[in-house]
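Residue-level listing of the chains:
2 protein chains.
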Amino acid sequence: MAAAAPPPPPSPTPAIISEDLLPTGYNVFSRIRLATIVDVPHIHKLIHQMAVFERLTHLFSATESSLSSTLFPENSPPPFTSFTVFLLEVSQTPFPLIDQNYPNFSPIHKTVNLDLPITDPQAESFRSCGNDAVVAGFVLFFPNYSTFLAKPGFYIEDIFVRECYRRKGFGKMLLSAVAAQAAKMGYGRVEWVVLDWNVNAIKFYEEMGAQVMQEWRVCRLTGDALQAFANV
Amino acid sequence: MAAAAPPPPPSPTPAIISEDLLPTGYNVFSRIRLATIVDVPHIHKLIHQMAVFERLTHLFSATESSLSSTLFPENSPPPFTSFTVFLLEVSQTPFPLIDQNYPNFSPIHKTVNLDLPITDPQAESFRSCGNDAVVAGFVLFFPNYSTFLAKPGFYIEDIFVRECYRRKGFGKMLLSAVAAQAAKMGYGRVEWVVLDWNVNAIKFYEEMGAQVMQEWRVCRLTGDALQAFANV
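Going line by line, the protein sequences match chains A and B. Note that the UniProt record's numbering gives residue 40 to position 40 of the first sequence, counting from 1, and the numbers run on in steps of one. Note that the UniProt record's numbering gives residue 94 to position 94 of the second sequence, counting from 1, and the numbers run on in steps of one.
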């Protein structure tokens with residue numbers, strides 16, 4: 001705790017704010033909004049970048065068309081009741097307000113102050129329509145269910161921030177947006193998986209209060225084994 | 001491989017089937033059907049028995065009322081698009097056909113031949129309405145999503161068979177019913193979790209062709225930590 005400061009001198013011009021209270025560096029405006037079908041080309045590129053990052057491109061078979069038909073089918077259920085995508089956009093200028101008000105959700109705006117400007121070599125291909133914003137990341141989640149709580153929760157399948165936007169708090173913003181939505185809807189839990197060797201991520205999750213279920217193992221039945229077992 | 005058998009003597013009366021080909025023991029009729037809101041009292045008891053089995057009753061807070069409102073809300077989405085429960089019923093007599101035909105799903109009937117009859121000390125409290133059947137188990141599952149495949153799958157939250165019905169193939173029948181449903185709907189995967197010390201279960205799952213994702217750890221944000229992080 002700092003020593004008690006002497007009483008401040010009377011302010012001659014109260015309207016002037018001390019310079020060291022002014023934000024230094026660069027302001028970046030960010031917005032988290034619900035993705036729509038017109039965002040599919042960006043979502044497809046983001047998922048592909050994630051597959052490259054995870055060295056799993058051999059497992060990647062999504063196309064723009066298959067993403068459109070499964071994430072945004074005709075007669076889509078309302079957001080949050082099925083597969084839901086939040087997009088993270090960043091811009092040098094403030095975002096206009098958009099009409100995207102679902103029950104319990106409005107786009108989230110935050111201004112982030114950075115020491116250095118961000119150089120985005122892929123800005124052109126991630127340009128978001130309608131303003132000077134670019135798409136910087138996404139989170140895909142859907143409801144899951146706890147029988148012990150008799151409550152839904154959210155399961156986060158993917159969370160991804162493009163390389164030049166990492167280590168600036170954007171991943172935490174996406175995760176927090178899902179947690180906030182769960183809390184608003186009275187849901188009991190938010191869950192996701194992490195690789196056991198990713199110690200930095202595990203440390204980050206534990207510091208924010210998440211439990212890591214050390215004894216659980218995910219089992220997966222897919223491909224020919226799924227077809228064969230389906231016919232038992 | 002057994003030695004070649006001598007040719008069989010000509011059958012004097014081909015209509016008579018050799019006695020050792022006749023089923024011995026006891027026939028039990030089983031049915032897997034979609035649960036409805038009237039099954040909630042049974043589902044509640046089954047979940048409670050599961051909590052006792054897992055020594056997790058301190059985490060059990062479901063009530064019949066909370067299960068009804070979350071599993072079978074007003075304007076429920078169609079089965080398989082959200083939280084879905086298959087009930088396993090068994091009976092000494094064949095099941096009547098019921099009118100429960102959803103797209104791609106009709107109740108599954110199987111006759112199981114057992115060496116010994118099953119003594120069910122809780123038969124009265126698990127009596128299923130409308131016939132002499134009892135509820136013997138359940139599986140609760142819901143859609144999940146793979147971004148790499150751009151396909152939905154099913155996640156099995158719980159699978160449970162009451163004690164006196166275990167080790168008779170009923171668990172496998174429930175799991176297979178979910179796999180069959182996934183295959184019919186063109187879904188890519190069925191996933192669930194298992195405890196790492198449950199080596200018998202892991203062996204069983206691996207033998208049926210499931211992969212156990214050894215490096216994955218489930219993270220869970222719940223309770224006060226969820227509320228706190230939601231306000232970041």
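These aren't lab readings, by the way, just hints derived from the structure by calculation. Everything numeric in this text was worked out from a predicted model, so none of it was measured. The C-beta atom is built at its ideal place from N, Cα and C for all residues, glycine as well. Hints should not be assumed to be uniformly reliable.
In silico contact screen, one side only, chain B against chain A (beta carbon under 10 angstroms); selected entries [stated by the list, open to error]:
#	residue
1	Ser66
2	Pro77
3	Phe229
Using 20 angstroms as the maximum straight-line C-alpha spacing, the simulated SDA-like pairs for lysine to any residue come out as follows [said to hold, decoys possible]:
#	chain 1	residue 1	chain 2	residue 2
4	B	Lys168	A	Lys172
5	B	Lys203	B	Gln227
6	A	Lys45	B	Leu97
7	B	Lys184	A	Ser66
8	B	Lys172	A	Lys203
9	A	Lys184	B	Pro73
10	A	Lys172	B	Ser66
11	A	Lys203	B	Asp158
12	B	Lys184	A	Gln227
13	B	Lys203	A	Ser66
14	B	Lys168	B	Val28
15	B	Lys172	A	Asp224
16	B	Lys168	B	Glu206
17	B	Lys172	A	Ala228
18	B	Lys203	A	Trp216
19	B	Lys203	A	Ile156
20	A	Lys203	B	Glu206
21	A	Lys203	B	Pro121
22	A	Lys110	A	Asn27
23	B	Lys110	B	Glu215
24	A	Lys172	B	Lys203
25	B	Lys184	A	Asp224
26	B	Lys184	A	Pro73
27	A	Lys203	A	Phe148
28	B	Lys184	A	Asn231
29	B	Lys203	A	Ala230
30	B	Lys184	A	Ser69
31	A	Lys203	B	Thr222
32	B	Lys203	B	Asn231
33	A	Lys184	B	Glu215
34	B	Lys203	A	Asn27
35	A	Lys110	B	Ala230
36	A	Lys110	B	Asn231
37	A	Lys184	B	Ser69
38	B	Lys172	A	Gln227
39	A	Lys110	B	Ala228
40	B	Lys168	B	Gly223
Against the structure, the hints come out as follows:
no.	hint	result
1	Ser66	holds (4 angstroms)
2	Pro77	holds (7 angstroms)
3	Phe229	holds (5 angstroms)
4	B:Lys168 x A:Lys172	violated (47 angstroms)
5	B:Lys203 x B:Gln227	violated (39 angstroms)
6	A:Lys45 x B:Leu97	violated (49 angstroms)
7	B:Lys184 x A:Ser66	holds (18 angstroms)
8	B:Lys172 x A:Lys203	violated (38 angstroms)
9	A:Lys184 x B:Pro73	holds (18 angstroms)
10	A:Lys172 x B:Ser66	violated (32 angstroms)
11	A:Lys203 x B:Asp158	violated (29 angstroms)
12	B:Lys184 x A:Gln227	holds (9 angstroms)
13	B:Lys203 x A:Ser66	violated (35 angstroms)
14	B:Lys168 x B:Val28	holds (11 angstroms)
15	B:Lys172 x A:Asp224	holds (17 angstroms)
16	B:Lys168 x B:Glu206	holds (19 angstroms)
17	B:Lys172 x A:Ala228	holds (13 angstroms)
18	B:Lys203 x A:Trp216	holds (15 angstroms)
19	B:Lys203 x A:Ile156	violated (28 angstroms)
20	A:Lys203 x B:Glu206	violated (31 angstroms)
21	A:Lys203 x B:Pro121	violated (49 angstroms)
22	A:Lys110 x A:Asn27	holds (10 angstroms)
23	B:Lys110 x B:Glu215	violated (37 angstroms)
24	A:Lys172 x B:Lys203	violated (38 angstroms)
25	B:Lys184 x A:Asp224	holds (14 angstroms)
26	B:Lys184 x A:Pro73	holds (18 angstroms)
27	A:Lys203 x A:Phe148	violated (27 angstroms)
28	B:Lys184 x A:Asn231	holds (10 angstroms)
29	B:Lys203 x A:Ala230	holds (19 angstroms)
30	B:Lys184 x A:Ser69	holds (18 angstroms)
31	A:Lys203 x B:Thr222	holds (17 angstroms)
32	B:Lys203 x B:Asn231	violated (43 angstroms)
33	A:Lys184 x B:Glu215	violated (32 angstroms)
34	B:Lys203 x A:Asn27	violated (55 angstroms)
35	A:Lys110 x B:Ala230	holds (15 angstroms)
36	A:Lys110 x B:Asn231	holds (13 angstroms)
37	A:Lys184 x B:Ser69	holds (18 angstroms)
38	B:Lys172 x A:Gln227	holds (15 angstroms)
39	A:Lys110 x B:Ala228	holds (18 angstroms)
40	B:Lys168 x B:Gly223	violated (39 angstroms)
Checked against the numbered hints given earlier, this structure breaks hints 4, 5, 6, 8, 10, 11, 13, 19, 20, 21, 23, 24, 27, 32, 33, 34 and 40; the rest are met.
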